[in-house]
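**Q** Line by line, the protein sequences give chains A and B. Residues in the first sequence are numbered from 1 upward in steps of one, following the numbering used here. Residues in the second sequence are numbered from 1 upward in steps of one, following the numbering used here.
Mixed in with the good hints, there may be bad ones.
[Stated by the list, open to error] A few chain A residues facing chain B, derived, Cβ under 8 Å: (1) 34; (2) 99; (3) 102; (4) 104; (5) 120; (6) 139; (7) 170; (8) 174; (9) 175; (10) 179.
What the hints contain is simulated information worked out from the structure, not anything from laboratory work. All residues carry an ideal CB built from backbone N, CA and C; glycine is no exception.
Number of protein chains: 2
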Amino acid sequence: MITSETARKPRGAYAKTAGRRREILEAGMDVFATNGFRSGSIREIAEVVGMSQAGLLHHFSNKNELLAGVLELRDDRATEYVDTSAPASIETIRGFVRLIDYNAHQVPGLVELHCVLSAEATSPEHPAHDYFVRRYDWVLSFLTAAFETMRADGQLAAGIDPASAARGMIAMSDGLQVQWLLNRDALDMAEEMRNYLRPLLTVEL
Amino acid sequence: MITSETARKPRGAYAKTAGRRREILEAGMDVFATNGFRSGSIREIAEVVGMSQAGLLHHFSNKNELLAGVLELRDDRATEYVDTSAPASIETIRGFVRLIDYNAHQVPGLVELHCVLSAEATSPEHPAHDYFVRRYDWVLSFLTAAFETMRADGQLAAGIDPASAARGMIAMSDGLQVQWLLNRDALDMAEEMRNYLRPLLTVEL
């Protein structure tokens with residue numbers, strides 16, 4: 001017979017495990033952001049959360065699995081700003097610019113992580129290579145669809161190619177991160193992104 | 001007395017040393033491009049050029065010194081395409097676009113190196129951090145000067161800020177590298193850079 005006591009127990013244990021997993025992922029984000037994925041170690045992450053390596057490996061059986069969790073956490077956060085379930089439109093572009101602003105002000109460690117990891121992962125041997133190839137393809141087609149809708153709605157300036165605008169927007173976002181990380185007071189990433197988009201549009205962003 | 005024999009000797013030895021240094025720098029470029037600076041090792045570079053570690057350390061006393069040499073070699077190559085001694089103008093911008101094209105087709109390892117290293121070096125603890133801060137500042141002011149000249153010459157579209165155009169051009173270059181390295185057949189970096197510049201200009205590039 002399942003009493004309220006035994007019924008609560010797994011939930012409590014699960015909640016504790018989920019909380020612990022989350023703590024490890026946040027620590028992994030920090031360590032990988034600072035040292036890169038290749039140099040960042042499980043030992044270092046375990047130290048940050050005050051666990052033994054064996055204890056950490058109970059939650060994530062290896063570094064690659066931990067990385068996959070970190071990337072998933074990052075993507076979950078992104079969808080709070082860009083509604084990927086709605087049809088792509090100028091609202092997609094607006095959400096993307098809000099996300100850039102949020103990242104800079106609230107989660108600079110995530111910006112560091114993306115910057116270092118996307119560069120490292122260009123190597124085909126990197127464990128996150130396939131993830132990044134797929135992610136860039138997906139973001140590119142989603143933003144292209146947004147610019148195509150905007151063209152149909154007369155919101156795109158003459159002669160602007162939706163796919164190239166989408167590719168440029170992704171490149172601008174990645175490139176601005178490098179400059180911002182080198183000198184965080186020197187530029188406002190969201191403002192520079194709006195400067196990029198303005199000549200491409202016939203409407204206010 | 002210095003005979004022709006003894007006079008030639010130092011030159012010969014110097015030429016040999018310079019050649020060896022150059023070989024090591026090229027190998028360092030490859031190894032750092034593939035593994036990043038942090039994970040790339042002197043041992044690996046020594047193996048590539050068929051030297052002992054001790055032999056290599058006769059030319060470069062440590063990894064940081066080797067990195068400085070690699071970056072200097074990269075900058076030397078860049079100035080073959082962008083004339084930094086001439087006053088900044090639309091020719092500066094044209095040279096920059098030609099350099100992007102050259103890098104993609106002739107020295108992809110350099111693109112990899114720049115991509116990984118500029119990301120890693122955003123960390124203040126990285127040995128190349130100060131170099132990258134200074135280099136980005138310098139490129140930014142040089143390109144800003146070019147866009148200012150273009151504005152004075154009526155070559156800049158209305159409402160375009162020279163400093164922001166310069167910052168955007170650098171960001172676009174860095175960001176396109178990530179996408180190109182993830183899938184080299186998917187895009188033409190120089191073409192995408194021209195797509196970025198076109199709406200900012202009143203003249204053909």
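**Q** Now look at each hint and say whether the structure bears it out.
**A** Hint check:
no.	hint	in the structure
1	34	6 Å, holds
2	99	16 Å, violated
3	102	19 Å, violated
4	104	13 Å, violated
5	120	6 Å, holds
6	139	10 Å, violated
7	170	7 Å, holds
8	174	4 Å, holds
9	175	3 Å, holds
10	179	6 Å, holds
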